[in-house]
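Trainee: Protein chains in written order, with this note's numbering: chain F, 1 to 85; chain W, 1001 to 1564.
One thing to keep in mind: the hints can contain errors.
Heads up, simulated SDA-like pairs for lysine to any residue below, C-alpha to C-alpha not over 20 Å straight-line [said to hold, decoys possible]:
| # | chain 1 | residue 1 | chain 2 | residue 2 |
| --- | --- | --- | --- | --- |
| 1 | F | Lys9 | W | Lys1492 |
| 2 | F | Lys9 | W | Ser1402 |
| 3 | F | Lys9 | W | Glu1408 |
| 4 | W | Lys1492 | F | Tyr83 |
| 5 | F | Lys70 | W | Pro1476 |
| 6 | F | Lys9 | W | Leu1484 |
| 7 | F | Lys9 | W | Tyr1394 |
| 8 | W | Lys1492 | F | Leu72 |
| 9 | F | Lys9 | W | Val1482 |
| 10 | F | Lys70 | W | Thr1472 |
| 11 | F | Lys8 | W | Cys1406 |
| 12 | F | Lys23 | W | Arg1405 |
| 13 | W | Lys1492 | F | Lys8 |
| 14 | F | Lys20 | W | Cys1406 |
| 15 | F | Lys70 | W | Ser1402 |
| 16 | F | Lys23 | W | Tyr1394 |
| 17 | F | Lys70 | W | Ser1486 |
| 18 | F | Lys20 | W | Gly1473 |
| 19 | F | Lys8 | W | Gly1473 |
| 20 | W | Lys1330 | F | Leu72 |
| 21 | F | Lys23 | W | Tyr1040 |
| 22 | F | Lys8 | W | Glu1408 |
| 23 | F | Lys70 | W | Gly1403 |
| 24 | W | Lys1492 | F | Trp11 |
| 25 | F | Lys23 | W | Val1468 |
| 26 | F | Lys23 | W | Ile1474 |
| 27 | F | Lys70 | W | Arg1405 |
| 28 | F | Lys9 | W | Gly1403 |
| 29 | W | Lys1330 | F | Lys70 |
| 30 | F | Lys23 | W | Ser1402 |
| 31 | F | Lys70 | W | Ser1481 |
| 32 | W | Lys1492 | F | Asp84 |
| 33 | F | Lys8 | W | Gly1326 |
| 34 | F | Lys70 | W | Lys1492 |
| 35 | F | Lys9 | W | Arg1405 |
| 36 | F | Lys23 | W | Gly1473 |
| 37 | F | Lys8 | W | Leu1484 |
| 38 | W | Lys1492 | F | Lys23 |
| 39 | F | Lys20 | W | Phe1398 |
Honestly, the hints are just simulated from the structure, not real lab data. From a predicted model like this one, the values you see are computed outputs, not experimental measurements.
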Amino acid sequence: MTPPADSKKYWLDDPLNVSKLFKGLWIVCGLLIAIDLFLHRHEDFEFATVFGFHGAYGFFACVALVLAAKQLRRILMRDEDYYDR
Amino acid sequence: MTGNFPVAFVLIFGAALIPFLPGLLRKAWMLALPVIAFAYLLAIPHGLHGQVELLGQTLTLMRVDKLSLLFGYIFLLAALLSVIYALHVDDTMQHVAGLVYAGSALGAVFAGDLMTLFLYWELTAVSSVLLVWARRGEHSAATGMRYVIWQLLSGMFLLAGALLHWRATGSLEFSHIGLSNTAGLLILIGFGIKSAFPFMHNWLMDAYPEATPTGTVFLSAFTTKLGIYALARGFAGTEELVWIGTLMAAFPIFYAVIENDLRRVLAYSMNNQLGFMVVGIGIGTELAINGAVAHAFADIIFKGLLFMSMGAVLLRAGTIKGSELGGLYKSMPWTAGFCIVGAASISAFPLFSGFVTKSMIMSAAALEGMTFNWLVLLFASAGVFHHAGIKIPYFAFFGHDSGIRCAEAPRNMLVAMAIAAALCIGIGVFPGALYALLPYAVDYVPYTASHVVAQTQLLFFSALAFAVLMRTGIYPPELRSVNLDSDWFYRKAAFGFATSFREALAATRAGFTEILEVRRLAIADFLVRQRRPEGMLMRSWPTGSMALWVMVMLLANLVFYYLG
C-alpha cells in the first residue's frame, strides 16, 4: 500500500537518510570496539576479556539466531487458519 | 495497625462494588482501590497476621516479609497502571475481572500456608480467563477454555502436592519445599505451569495475544510472576531450575523471530525473561535470588509497557500483525516513544531497568562458574534485544509504511504508558531504591565501566546484525502464518487421533452392520422362499416315498433290536 497522497514528508521517508543511519551505526560500533583498546574490561570469565568479545558474540549470535529461525520456518510454519480447519 | 485484614479483600470486595457505581465515581473508585491497598501495606508490620484455626491447621492469611512485600508493591503498582490503561473501557465485566484477578494474585503472595495459596491460585485462574473471553472474538471461547484448563491443572498439581506435603510433614506452612519427595515434585509442576516451563508454556502464547487490548496488560503482570514468587519461596537453590531456566531463556527467541502477531512475539519474549528469573532461583545464592525477584519487578513494568503499546496499536490500527503494520510512528509518535523505552528496558540498555536487574542474575551465574549457562544467557540477551528490542518497534512503527493512518492512543493509555516508561528509566538510573526492597542486602554495583561497555557493545552489534540482515534481504519477512509449538500436540495430534479413532470405530461398526444386514436379509429371504409354492414347506410329497421312509425306520429298529 502506498502512503496517502496528502501525507507529510518525514525525515525517515528518504532512503538516503536511512542509509545515513546505517552508516552511523557502523561508526558507533567501530568506536565501541575501539574502547577495548584502552579499557581493560574486568570480566568474570577470562575468555570474555578478549578484544571485541561482546561485539563479536552479539553480532554472530544474532546472525545465527535469524538464520536458524529462518530454517525453522520450513518445519514449523503453517497457514494462518491451520487450527481452524 | 495490625495486619490481620487480608489486603487481597480490598481489591476483591472493592471490585464487587464497581457495577453499582455511576460513571466518574466508578473510575475514581477503581483508581482508589490499589492506592488504599498500597497504603495499608505500608502501614502494617512484618510478621504473621490473620491466622485462622481450621481443622486443626493454622492458616496464615497475611505473611508479611520482604519477599511478599516486594511482590505486593509491584502487583499493586501493576494493578494501578492497568486500571489507568483500561479506564476508557465501558465493559464493566473486564474491570471487575481485572481487579479480582489482581486481588487474588496479591492474596496468593501473602498466603502463609499452602491451602490459602491454593484458594487464591484458583481464583486467579477463574478471574483471569474472563479477560480472554471478554474479547468475544471468533477464537476467544476456545482459547480461553484451553487457558483455564492449564491454569486449573496447575491448581490440581498444587493441591495434590500440598496434601502429600501435609501428610509427610504434618504442616501446611508454605516455606522452602525442595525436590526431595513426590510432594515437592507435584508442587513444582504446579508452580512450573504458572511460570511457563518448557512444554507447559504454551497457554501463555496461546491466550495472551487473544485477550482484549487492556486485558493482556493485566494478564502480563500477575500469573507468571506469581509462579516466579512461589518458586523463589519454595524452590530456591533447586539445581534443576538452572537448566530449565536456561532452556526457557533460549528456545522462545527463535519463535519470536518468525512470529507475525506482535503481541505473541511479546509473549515469547516474556517466556524468555522468565527463563532468566528461573535460572536465578535455581542458583539460589543471595545475589541470584535478589536478581531473580528484582528482574520480576522490572519485567512487570517493562513488559506491561510493551503490551500497553501493542494494545494501543491493536486498538487504533485494528490489527497487530507485523505483516500489515509499519510506519505508525507518523500517527502514534507518543506510543512509539514509550514502546522504545520499554524495548530498551527489556534489552537491558544501560540507564534502563533491565540493565540493573538482569545483570545480577548473569553475575550470579558467572560467580558459580556456570560457563555454559552464562553463554546461553548472553546469547538470549542478544536475542531478546533482537526480537523484542528491535523487531517490535521496527515492524509496528517503522519499517515499510503500511499506509495506515490512525489516531494517537487515548489519553488514559498514554498516561499509563508514560508512568511505566518513567519507572523503567527511574529504576535504571536509581537502582538503589529497588535494591533496598530486595529480600537480601545488596552488595552489587551494576554501573562499572567494564559492564557498561560490554553490554553496550553486545547490544549495538546485535543491532548492527539486524540492520545488515535487513538491508541484504536475508532477514525473514513477516508472513501471515502460525508456527507450530507444543500446543500442536493437543490441538492437532491428540485431536486428530481422537477424530481418527472415532472414525475408525464408526467404520468398524458400519462394516459389522453391513455384514449383519446382508446375513439377515439372506436368512429372511430363505425363510420366505420356503413358504412359497416352490419352497420346501409347500411341496407336495408322494405317498410312496412316505411308505418307503416308514419301512426304512422299521428296518433300522429291527437291526438295533438284534444288535442290542
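Trainee: Now look at each hint and say whether the structure bears it out.
Mentor: We went through each hint and held it up to the structure:
Pair hint Lys9(F) plus Lys1492(W) does not hold up; C-alpha atoms about 48 Å apart against a cutoff of 20 Å. The suggested pairing of Lys9(F) with Ser1402(W) holds, with an alpha-carbon distance near 15 Å, which does not exceed 20 Å. The hinted pair formed by Lys9(F) and Glu1408(W) meets the criterion: a straight-line CA distance of about 18 Å does not exceed 20 Å. For the proposed pair Lys1492(W) and Tyr83(F), the alpha carbon gap of about 7 Å is at most 20 Å, so the pair holds.
Of the pairs offered as hints, the one joining Lys70(F) and Pro1476(W) holds, with about 6 Å between alpha carbons and a cut-off of 20 Å not exceeded. Between Lys9(F) and Leu1484(W) the CA atoms are separated by roughly 41 Å; this puts the pair beyond 20 Å, and the hint is violated. Proposed proximity of Lys9(F) and Tyr1394(W) is supported: the alpha carbons are some 19 Å apart, at most 20 Å. As the CA atoms of Lys1492(W) and Leu72(F) are separated by approximately 19 Å, the hinted pair is consistent with the 20 Å bound.
Between the alpha carbons of Lys9(F) and Val1482(W) the distance comes to roughly 35 Å, so the proposed pair goes past 20 Å and is violated. Taken as a hint, the Lys70(F) and Thr1472(W) pair is honoured in the structure, with Cα atoms around 15 Å apart against an allowance of 20 Å. The straight-line distance between the Cα atoms of Lys8(F) and Cys1406(W) is roughly 14 Å, inside the 20 Å bound, and the hint therefore holds. At most 20 Å may separate the alpha-carbon atoms for a hinted pair to count; Lys23(F) and Arg1405(W) exceed this at roughly 30 Å.
The hinted pair formed by Lys1492(W) and Lys8(F) fails the criterion: a straight-line CA distance of about 48 Å is larger than 20 Å. Taking the CA atoms of Lys20(F) and Cys1406(W), the gap is near 29 Å; set against the 20 Å cutoff, the hint is violated. For a cut-off of 20 Å, the pair hint linking Lys70(F) to Ser1402(W) is broken: about 23 Å separates their Cα positions. Between Lys23(F) and Tyr1394(W) the alpha-carbon distance is near 18 Å, which keeps this suggested pair within the 20 Å criterion.
Taken as a hint, the Lys70(F) and Ser1486(W) pair is honoured in the structure, with Cα atoms around 19 Å apart against an allowance of 20 Å. Our distance criterion of 20 Å between C-alpha atoms is met by Lys20(F) and Gly1473(W), whose separation comes to about 18 Å. The suggested pairing of Lys8(F) with Gly1473(W) is violated, with an alpha-carbon distance near 28 Å, which exceeds 20 Å. Straight-line distance between C-alpha atoms of Lys1330(W) and Leu72(F) comes to about 34 Å, which puts the hinted pair past the 20 Å bound.
For the suggested pair Lys23(F) and Tyr1040(W), the alpha carbons sit about 54 Å apart, so the restraint of at most 20 Å is broken. Taken as a hint, the Lys8(F) and Glu1408(W) pair is honoured in the structure, with Cα atoms around 16 Å apart against an allowance of 20 Å. Distance restraint check for Lys70(F) and Gly1403(W): the Cα-Cα separation of roughly 27 Å exceeds the 20 Å cut-off, and the hinted pair is therefore not satisfied. A distance of roughly 48 Å separates the Cα atoms of Lys1492(W) and Trp11(F); the hinted pair therefore is violated under the 20 Å criterion.
Taking the CA atoms of Lys23(F) and Val1468(W), the gap is about 11 Å. The hint holds against a cut of 20 Å. In summary, the hint linking Lys23(F) to Ile1474(W) is supported, as the alpha carbons are separated by about 19 Å, within the 20 Å threshold. Only pairs whose Cα atoms come within 20 Å are accepted, and Lys70(F) paired with Arg1405(W) is rejected, the gap being roughly 31 Å. Restraint check for Lys9(F) and Gly1403(W): the C-alpha separation of about 13 Å stays at or below 20 Å, so the hint holds.
Restraint check: the Cα-Cα separation between Lys1330(W) and Lys70(F) comes to about 30 Å, which exceeds 20 Å; the hinted pair is violated. About 25 Å separates the Cα atoms of Lys23(F) and Ser1402(W), which puts this hinted pair outside 20 Å; it is violated. At roughly 13 Å between alpha-carbon atoms, Lys70(F) and Ser1481(W) fall within 20 Å of each other, so this suggested pair holds. Between Lys1492(W) and Asp84(F), the direct Cα distance comes to roughly 10 Å. Compliance with the 20 Å bound is thereby established for this hinted pair.
With a C-alpha separation of about 16 Å, the suggested pair Lys8(F) and Gly1326(W) falls inside the 20 Å cut-off, and the hint holds. Note on Lys70(F) and Lys1492(W): the hinted pairing is violated, with a Cα-Cα distance of about 23 Å set against a maximum of 20 Å. For the hint pairing Lys9(F) with Arg1405(W), the CA-to-CA distance comes to about 14 Å; that is within 20 Å, so the pair holds. The suggested pairing of Lys23(F) with Gly1473(W) holds, with an alpha-carbon distance near 17 Å, which does not exceed 20 Å.
Between the alpha carbons of Lys8(F) and Leu1484(W) the distance comes to roughly 41 Å, so the proposed pair goes past 20 Å and is violated. Only pairs whose Cα atoms come within 20 Å are accepted, and Lys1492(W) paired with Lys23(F) is rejected, the gap being roughly 47 Å. Of the pairs offered as hints, the one joining Lys20(F) and Phe1398(W) holds, with about 16 Å between alpha carbons and a cut-off of 20 Å not exceeded.
Of the numbered hints given earlier, the model fails hints 1, 6, 9, 12, 13, 14, 15, 19, 20, 21, 23, 24, 27, 29, 30, 34, 37 and 38; all others are met.
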